[in-house]
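Engineer: I would like the entire structure built from these sequences, with the hints used as guidance.
Taken in sequence, the protein lines are chains A and B.
Numbered according to numbering that gives the first Met the number 0, the first sequence spans residues 0 to 335.
Numbered according to numbering that gives the first Met the number 0, the second sequence spans residues 0 to 213.
Honestly, the hints are just simulated from the structure, not real lab data.
Don't take each hint at face value.
Here are the simulated lysine to aspartate or glutamate pairs, EDC-like style, with alpha carbons at most 20 Å apart [what the hints assert, rightly or not]:
#, chain 1, residue 1, chain 2, residue 2
1, A, 323, B, 192
2, A, 192, B, 189
3, B, 130, B, 140
4, B, 91, B, 69
5, B, 35, B, 13
6, A, 127, A, 59
7, A, 163, A, 268
8, B, 155, B, 209
9, A, 320, B, 192
10, A, 192, B, 140
11, A, 152, A, 200
12, B, 155, A, 240
13, A, 320, A, 161
14, A, 320, A, 95
15, B, 91, B, 180
16, B, 155, B, 207
17, A, 192, B, 192
18, B, 130, B, 189
Some chain A residues near chain B, calculated using beta-carbon distances under 8 Å [to be verified]:
#, residue
19, 137
20, 142
21, 190
22, 205
23, 207
24, 209
25, 211
26, 215
27, 216
28, 219
29, 240
30, 242
31, 324
It should be emphasised that the depicted structure is a prediction, and the values quoted were computed from it without experimental measurement.
C-beta: ideal position from N, C-alpha, C; glycine also.
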Amino acid sequence: MRIGIAGVGFMGITHSHAWSETSAQITGMVAASVEEAKPLAFQYDARVYPDFTTMLKDIDVVDICTPTHLHYEMVMEAAAQGKDIVCEKPLARTVEQASEMVAACRDASVQLLVGHVVRYFPEYALAKTSVEDGQIGRPGVLRLSRGSYRPKKTVGNWFLDEEKSGGILMDLMIHDFDYARWVAGEVESVFAKIVSTGHPDASIDYGLAILRHRNGALSHIAGAWAYPPPTFRTHIEIAGDAGLIEFDSDASAPIQNLLLKSDRGNSPDVALPSSPLSESPYTTQIKEFYTTLQTRKPARVSAEDGLAAVQISQAAIHSAKTNKAVGIDPLPEVWS
Amino acid sequence: MKVGIMSFAHHHGEAYIQSLRAAPEVELIGVADEDKDRGQRIAHQYETHFFQNYEELITAGLEGVIICSENNKHRPLVELAADAGVSILCEKPIATTFEDARAIVDNCDQAGVLLMTAFPMRFSTPLVEVKNRLDAGDFGDIYCFNASNQGELPNKYREWFVEKTLAGGGAVMDHTVHLVDIMRWYLGYEVTEIYAQTNHIFHADEVDVETGSL
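Structural biologist: Below you can see the structure in the form of structure tokens.
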């Protein structure tokens with residue numbers, strides 16, 4: 000299986016490492032410029048392509064690790080060329096784009112696997128399994144939080160450009176929107192607030208969202224781009240009518256980094272959570288995607304899940320702007 | 000200072016007896032309770048005088064009274080005490096409707112008596128430390144406040160805690176009231192709008208009030 004990687008930022012690097020743990024071959028890489036792609040391509044003995052279209056001709060699967068706003072065109076082109084696709088989350092910047100992408104991949108009979116990697120973190124996967132097994136009864140209230148620092152790319156920091164990334168509600172909190180929906184079911188409405196609405200010049204951002212699920216369960220989602228680097232902490236609390244599941248990443252982290260240097264130089268541009276005692280969840284995810292691509296056995300996250308997560312995030316963005324709860328209409332792609 | 004307690008509907012009433020006894024300048028002169036059996040039993044247990052009704056207690060030379068009735072019965076007891084010129088510590092929430100709460104505050108203002116709501120979180124050492132650091136500006140401007148208050152279903156202490164009329168509601172009335180108070184106290188400004196969701200999945204077969212809320 001020949002893999003082509005589009006985008007060589009922190010996620011391109013992370014996925015390249017994960018693919019190297021499978022039997023797939025990293026055949027090609029493409030980035031905004033040839034120069035940018037060279038170091039990573041050299042590391043994995045891959046060819047650097049001048050553009051996405053040229054790379055597509057030589058590969059079986061494309062792994063799209065580019066900024067969010069570029070996903071749409073790349074997925075549409077890859078689907079048109081009959082290539083299977085791995086796409087980083089968020090699947091797209093808007094619901095309209097994501098719907099089109101899902102439809103295009105269906106029509107072309109190509110696979111579209113979305114990198115909702117939280118489903119592959121062992122603690123999150125175990126909590127989901129425990130709920131499914133009925134260990135805590137019927138889920139009633141979920142509280143999920145995810146906190147790190149604001150992405151700090153030196154040039155072209157697309158994370159802070161809402162048009163491109165969707166901001167904290169789309170880029171960071173989509174992880175927990177997806178997880179809440181995975182655990183507690185379809186979402187009926189969302190209400191969200193973010194600090195940057197009222198304080199556009201603040202050096203941090205923080206979001207809070209309340210989801211009401213169709214079965215009556217409630218989810219409270221908190222997301223922070225507010226901690227000092229290199230912090231990345233997450234918390235799970237799932238309360239059911241017969242029990243409670245809790246996980247706190249701080250409590251289980253074998254290594255605490257308390258660094259005294261400036262905010263550059265000793266932390267990556269974008270923080271990734273880690274599970275130091277087990278296989279990287281990014282590797283677990285890519286390994287499962289590899290199996291799915293080979294066998295068509297469904298992965299634990301579908302293209303429709305990626306679309307539904309974008310829908311919740313987009314509704315949350317709308318809510319934060321309008322200061323009103325936003326209803327989530329059932330999507331035909333998800334409910335059919 | 001002479002102090003009495005009205006009603007033991009709230010189980011904190013017994014804890015207040017012990018707290019009052021621990022304060023050297025305070026004298027607990029007695030208690031009254033519309034549930035005479037309960038009141039007499041507790042008066043006997045703690046060796047204090049049981050007054051036959053609230054009027055007797057309130058005219059016995061009190062300077063202060065602690066009100067531990069059901070939430071929806073605070074107002075008549077507050078009015079009785081305020082009219083007698085007795086200052087009041089009232090269990091939280093002070094009322095089950097905004098109308099009653101407003102009347103309670105106005106009544107005490109007009110009578111010139113002190114009215115205090117039982118918000119013990121304001122006396123918690125770690126919470127006070129955070130308040131001091133906020134006031135000192137250690138955290139800069141506060142952009143966001145995320146808090147939760149979770150606990151067991153309280154009906155094993157008193158059945159009325161989960162009865163809508165007497166308690167005013169469930170988890171929101173009993174727990175959110177603490178968080179909202181801390182937020183006002185910490186931030187120093189009033190709430191302008193709220194959004195809330197509740198459900199009734201926990202203990203669905205046992206109680207009719209909301210048991211989950213965000």
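Engineer: For every hint, state whether the structure bears it out.
Structural biologist: Consistency of the hints with the structure:
1. 323(A) - 192(B): Status holds; Cα separation ~11 Å.
2. 192(A) - 189(B): holds, 18 Å
3. 130(B) - 140(B): Satisfied, since the Cα-Cα distance of roughly 13 Å is no more than 20 Å.
4. 91(B) - 69(B): The given pair, whose Cα atoms are some 10 Å apart, holds under the 20 Å limit.
5. 35(B) - 13(B): Given pair residue 35(B), residue 13(B) holds - Cα atoms ~15 Å apart, limit 20 Å.
6. 127(A) - 59(A): Distance ~32 Å between residue 127(A) and residue 59(A) Cα, so the pair is violated.
7. 163(A) - 268(A): Cα-Cα ~17 Å, so holds.
8. 155(B) - 209(B): holds, 17 Å
9. 320(A) - 192(B): Between residue 320(A) and residue 192(B) the Cα gap is close to 15 Å, so the pair holds against 20 Å.
10. 192(A) - 140(B): holds, 17 Å
11. 152(A) - 200(A): Cα-Cα ~17 Å, so holds.
12. 155(B) - 240(A): holds, 17 Å
13. 320(A) - 161(A): holds, 12 Å
14. 320(A) - 95(A): holds, 19 Å
15. 91(B) - 180(B): holds, 11 Å
16. 155(B) - 207(B): holds, 15 Å
17. 192(A) - 192(B): This hinted pair holds, its Cα atoms lying about 12 Å apart.
18. 130(B) - 189(B): holds, 16 Å
19. 137: holds, 6 Å
20. 142: Constraint on residue 142(A) satisfied, holds at 7 Å.
21. 190: Residue 190(A) check passes; min Cβ-Cβ to chain B is 5 Å, inside 8 Å.
22. 205: Holds, about 4 Å.
23. 207: Holds, because the Cβ-Cβ distance from residue 207(A) to chain B comes to roughly 6 Å (cut-off 8 Å).
24. 209: holds, 5 Å
25. 211: Since chain B brings a Cβ to about 5 Å from residue 211(A), closer than 8 Å, the hint holds.
26. 215: Holds: closest Cβ of chain B sits about 5 Å from residue 215(A), inside 8 Å.
27. 216: Check passed: Cβ of residue 216(A) comes within 7 Å of chain B, closer than 8 Å.
28. 219: With a closest approach of 5 Å, the residue 219(A) hint holds.
29. 240: Since the shortest Cβ distance to chain B is 5 Å, the answer is holds.
30. 242: violated, 10 Å
31. 324: Because about 7 Å separates residue 324(A) from the closest Cβ in chain B, which is inside the 8 Å limit, the hint holds.
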